[in-house]
Every structure is written in structure tokens, then in C-alpha cells.
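Peer 1: Using my numbering, read the sequence shown as starting at 5 and increasing by one per residue.
Fair warning: there could be bad hints in the mix.
To be verified - With beta-carbon atoms standing in for the labels, derived distance ranges:
id	residue 1	residue 2	range
1	Gly132	Lys65	35 to 41 Å
2	Asp158	Leu74	49 to 55 Å
3	Tyr150	Asp106	47 to 53 Å
4	Tyr150	Thr107	41 to 47 Å
5	Trp241	Asn66	21 to 27 Å
6	Tyr102	Met63	17 to 23 Å
7	Arg210	Thr80	27 to 33 Å
8	Asp158	Gly180	44 to 50 Å
Quick caveat, the hints were computed from the structure, so don't treat them as lab data. Note that beta-carbon positions come from the ideal geometry of N, C-alpha and C, so glycine has one too.
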Amino acid sequence: MKCVLLAGGKGTRLIEETLVKPKPLIEIGGKPILWHIMKSYSHYGINEFIICSGYKGEMIKNYFEKEDMLKKENWTCQVIDTGLDTMTGGRLKRIKKYVENDTFCFTYGDTVNNLNITKLINFHKKMGLLATVTACIPPEKYGVLYLKGDLVEDFKEKPRNEKNWVNGGYFVLEPGVFDYIKNDNTVWEEEPMKNLVRDNKLAAFRHDDFYQPMDMMRDKLLLNDLLDSGKAKWKVWD
Numbered sequence: 005m006k007c008v009l010l011a012g013g014k015g016t017r018l019i020e021e022t023l024v025k026p027k028p029l030i031e032i033g034g035k036p037i038l039w040h041i042m043k044s045y046s047h048y049g050i051n052e053f054i055i056c057s058g059y060k061g062e063m064i065k066n067y068f069e070k071e072d073m074l075k076k077e078n079w080t081c082q083v084i085d086t087g088l089d090t091m092t093g094g095r096l097k098r099i100k101k102y103v104e105n106d107t108f109c110f111t112y113g114d115t116v117n118n119l120n121i122t123k124l125i126n127f128h129k130k131m132g133l134l135a136t137v138t139a140c141i142p143p144e145k146y147g148v149l150y151l152k153g154d155l156v157e158d159f160k161e162k163p164r165n166e167k168n169w170v171n172g173g174y175f176v177l178e179p180g181v182f183d184y185i186k187n188d189n190t191v192w193e194e195e196p197m198k199n200l201v202r203d204n205k206l207a208a209f210r211h212d213d214f215y216q217p218m219d220m221m222r223d224k225l226l227l228n229d230l231l232d233s234g235k236a237k238w239k240v241w242d
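Can you make the complete structure from the sequences, with help from the hints?
Peer 2: This is the structure:
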């Protein structure tokens, strides 16, 4: 099975670093976050990757060539230029011919977790639908105060909001999903996903453990701190 990685956005909320490199090459512990994601997939036996590049995409291609990464990791990887301003759905549609008629994984290039990908794939096969999204519980960005009158009754530092499940950015898809994407301007998370829901073709695999997107600089710092302290739960390959 192949894994398609979304790696073409500009990462404007991490502009301190994305002025000089694409977001998927921002490093966690000396390795790009993209590498960490690929290592997770490789741990579960998926070693064929298609990277949807865009903004500074040549740097992604050069990284794998210069570091001889593919040979070191026993990966095969195609870096496909999907356009500078193409939306997420459009990027996915542009690589249609590379996945052929096979089931494939589709993942954002800026999120790590300790998801069991084998269980995700088996769940998708059992459900027999066009698409499966991993549902995750998001980390809170701030500490929460619990008030009683004018007194603080309790305080929790960045508790998980267990009331809401969010799109965790890890999918298993059938080729039929391409019919839901119109063109380069299609945002995957809007019309395609909504129409899959309408047609009862989207399943949700619940993952209620570690999940951390890297949206802002504080997220990058958190991930590096977790790695330095030996608490990098996403390193399932260790």
C-alpha cells in the first residue's frame, strides 16, 4: 500500500521558519517532521510514499536526494509538484495516476501521533466505505481555569477536550474519492468530505491517545521538548 503525504502548503503560522524552508522540513530532534511521519508508516510496513509538494518543493526533493534518505530507510518516494497555490483536494487529485486503482493512505505532513496504522487499515477494510478518517481528541492550547464565584476552584494545564473529536489528518482512501474532487481549487476538508458524509461513505476510526499537530512555533518547541525528555510517544519505531 502507498502513502500520500500532503506537503505543499506555505505554513504561514510558522513563518519564522517557513520563510526559508517548507513546513514539512521543519526539524524535530534534528530530523524533519516529514521524516518522523514516514518512519511511523514504515514501522507498520508501508514504505512507498508519494509526496504532494508545492511551496519550496525542490527543497523536499533535494533533502531526500542529498541525504540519500531513501536508500538508508529502504523507502521509495515520488515527490510530485502539485502547484504553488493548489488547495488540499486539488493536490490529492493531481496524484491520482500514481496510486492507480489501489487503496491508499493519505496524511498531512505536519502532524504526529502514536496511531496504530495497521489497525486503522483493517478498520477501513472492515467498514468497506470509500474513506476513513482518524478521529482524534485535540490538545488544548491553554490552561483551563474552573471558577466558583471569584475563586479558582480548579486548574488544569492544557487538558484534552474530550467533548470534541477532530479530523486527525490520517486517512485511508479508495480511488473512488477522486470523483468527489472537482479541480485545483477544491479544499479536501470542505465539499469532498461533506459529500462523503452525505453519501454515508466516510467512516471514523477513533484514536484517543497521543496526537499533536505542528501548527505554530510553540507546537514545534513542545515536540522538541517531548523528544529531549524521552516522552516522544509518536516514535513507535523505537
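Peer 1: Take the hints in turn and mark each one as holding or not.
Peer 2: Structure-based check of all given hints:
1. Gly132 <-> Lys65: 35 to 41 Å: Holds: the Cβ-Cβ distance is about 36 Å, inside 35 to 41 Å.
2. Asp158 <-> Leu74: 49 to 55 Å: holds, 50 Å
3. Tyr150 <-> Asp106: 47 to 53 Å: holds, 49 Å
4. Tyr150 <-> Thr107: 41 to 47 Å: With a Cβ separation near 45 Å, Tyr150 and Thr107 satisfy 41 to 47 Å, so the hint holds.
5. Trp241 <-> Asn66: 21 to 27 Å: holds, 24 Å
6. Tyr102 <-> Met63: 17 to 23 Å: This hint holds: roughly 21 Å between Cβ atoms.
7. Arg210 <-> Thr80: 27 to 33 Å: Holds: the Cβ-Cβ distance is about 31 Å, inside 27 to 33 Å.
8. Asp158 <-> Gly180: 44 to 50 Å: Holds, since Asp158 and Gly180 (Cβ atoms, about 48 Å apart) stay within the stated range.
Taken one by one, the earlier hints all hold for this structure without exception.
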